[in-house]
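Keeping their order, the protein sequence lines are chains A and B.
Under this note's numbering, the first residue of the first sequence carries the number 1, and numbering increases by one thereafter.
Under this note's numbering, the first residue of the second sequence carries the number 1, and numbering increases by one thereafter.
In case anyone wonders, no lab produced these hints; they're calculated from the structure.
Some hints could be false.
Claimed, not checked - Now the stretches of chain A that chain B is said to cover, found in silico as 3 or more residues with beta-carbon under 8 Å:
| id | stretch |
| --- | --- |
| 1 | 286 to 293 |
| 2 | 478 to 484 |
Claimed, not checked - Here are some chain B residues the structure puts well away from chain A; computed CB gaps all over 12 Å:
| id | residue |
| --- | --- |
| 3 | Glu16 |
| 4 | Asp34 |
| 5 | Phe53 |
| 6 | Arg67 |
| 7 | Asn74 |
Glycine included, C-beta positions come from ideal geometry on N, C-alpha and C.
Read off the chains here:
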Amino acid sequence: MSYDWLVIGGGASGLTAATLLAQEGHRVALVEKNPCLAPLLRGFRRGDFHFDTGFHYTGGLGRGEILDLFFRCLGLSERLRTTPFDLTGFDRVREPGQAEFAFPVGEERLEERLCREFPGQERAISGYLAEVRRACAVHPYLDLEAPLAGSGTFFGLEGTSLQEMLSRWTDHPRLQRLFSVHTLLYGVPPEEAPFSLHASVVGPYYQSVHGLVGGGLALAEAFAARLTELGIDIFLGRGAQELLFTPAGTLRGARLEDGTIVETRGCVATLHPALLPGMVPEGVFRPVYRRRLLALEDSLPAFTLYGVCRKANSLLHGRNIFLLGNLENGLDDTIYLTAADNGPASGSGLVAIAPLPPGATDRWKDSVTGRRPPEYEAYKAEQAAHLVRRIEEGCPELGGIKVTATATALTMRDYLHTPRGGLYGVRHRLGQYNPQRRTRVANLLLAGQGVAAPGVLGAVLSGFLACGDVIGHEQLRERVKACR
Amino acid sequence: MTDQEIIERINTSLAEEFELDLADMVPEATIYEDLGLDSLDTVDMVIVLEAAFKFKIREETAIREIRTLGDIHNFVIDKYRRQDGAA
């Protein structure tokens, strides 16, 4: 069987690229190492609860906003139902010794509330929010009217960090920290986060905030149904092991782990970029490029607790909680709390995510899921107990937490087949050159969170960017605009 | 470091990292046509030069004007001397 395009990786970016290319009439195959598509979006079920692992909430999903248009363009909208988050406070920040601060939906309301909370900082607040708006307006896919050209080779790598940008506007530490809490949505500290990236992540959240009924699982299933509808061949349960070339150096296919050969003229690879050098013969990539891919740093690792509240409550219905530690610790002690899934029957299941210091679980890196040493289990139990204590202190209305499962960076690594298990793949930080979509191999394109941007929006966007490289960005943007 | 030492360091670093033949690395060689680099290699070229000389050049606009290997030599020598003067 021979294809026009083989997509490696059945996560949000791969599913997007496969769908778009098939919609353009290309013959497409997709290979996913897991036994089912989109394992991170899919989450898992324990007892009466379904726990989302990848998708919790997003911006850009209001009618006519960018992710809504992307989903329409992908033919997914009919299968998805959105659920709006609490307009009066979708993210609630709890800090020691302070009243809760709630981020309302809508930039004007946010500005108004911040100004009320921080008298004397009005100029800083409106100035900073204007910077966020400006940074979003130059992105040719976040703003469909923005010029296509302009994002040069070094886009996002040079320039200002979030921390520098905040310091330009205000020296108020608590205000700075409030504007930084959403760095947790892409796992890069404010000193390293490119402001342009931060703006492109938070900008859409300042406009509207939604979940999906049925959570990430609903999105995974909508994609799966769409792929079937489009006649895309799906190879599950075996990864791509090796890319194959003709003697003249032209890409001709891929060998899968079970020996199957898939012939193709082009490939969109969405796996972790550090895995790529091991899949091509010596000499295909330059030594410096190989080394760059291998050395890419991941986004922050995290400890995740999946649990059930002991008391029925609606604290996490349509809203998330950020529990912060003392101001001088910055965001180090942050715990992000969200509902287990955002369906109407989500009950009182919850997911708590806390950043881990890099390397925290390195001691056990040679072990694999299902065969970890007792010390690792003890470490997880200790982390979980610590988290439960802090959650119970910070959110007494939950009535205590019963722990269902826990995960570390090692869990994510083994589950998602990434080298290190950072929550959002390769980190976007100042000074690190993440790979571009194009490679030296004609018709080998890269996509994924680390190549474009983090989160579901970033992953879907990256699928669009890869497809735009194939069919032309102007043409693809017209397709998106036609969905308005 | 003398100019010649700087040039040698540039040539050997680029030759090694981009698998180029040192014999082709004359100042007149154009980077894209003669040495066979392409625009995708620009990022890695910056990385190699930064690592070889322990300075940051990614934000310098002059790097975008470079056409020949000789341009790279002059750019790095100039940057090296300016940095030396500042130190």
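Against the structure, the hints come out as follows:
1. 286 to 293: With 5 residues close enough to chain B, the hint holds.
2. 478 to 484: violated (count 0)
3. Glu16: violated, 7 Å
4. Asp34: About 16 Å separates Asp34 of chain B from the closest Cβ of chain A, which puts it past 12 Å; holds.
5. Phe53: About 15 Å separates Phe53 of chain B from the closest Cβ of chain A, which puts it past 12 Å; holds.
6. Arg67: Arg67 of chain B clear of chain A: closest Cβ-Cβ about 16 Å, beyond 12 Å.
7. Asn74: Its Cβ never comes within 12 Å of chain A, the nearest being 21 Å, so this holds.
Consistency note: the structure conflicts with the earlier hints numbered 2 and 3.
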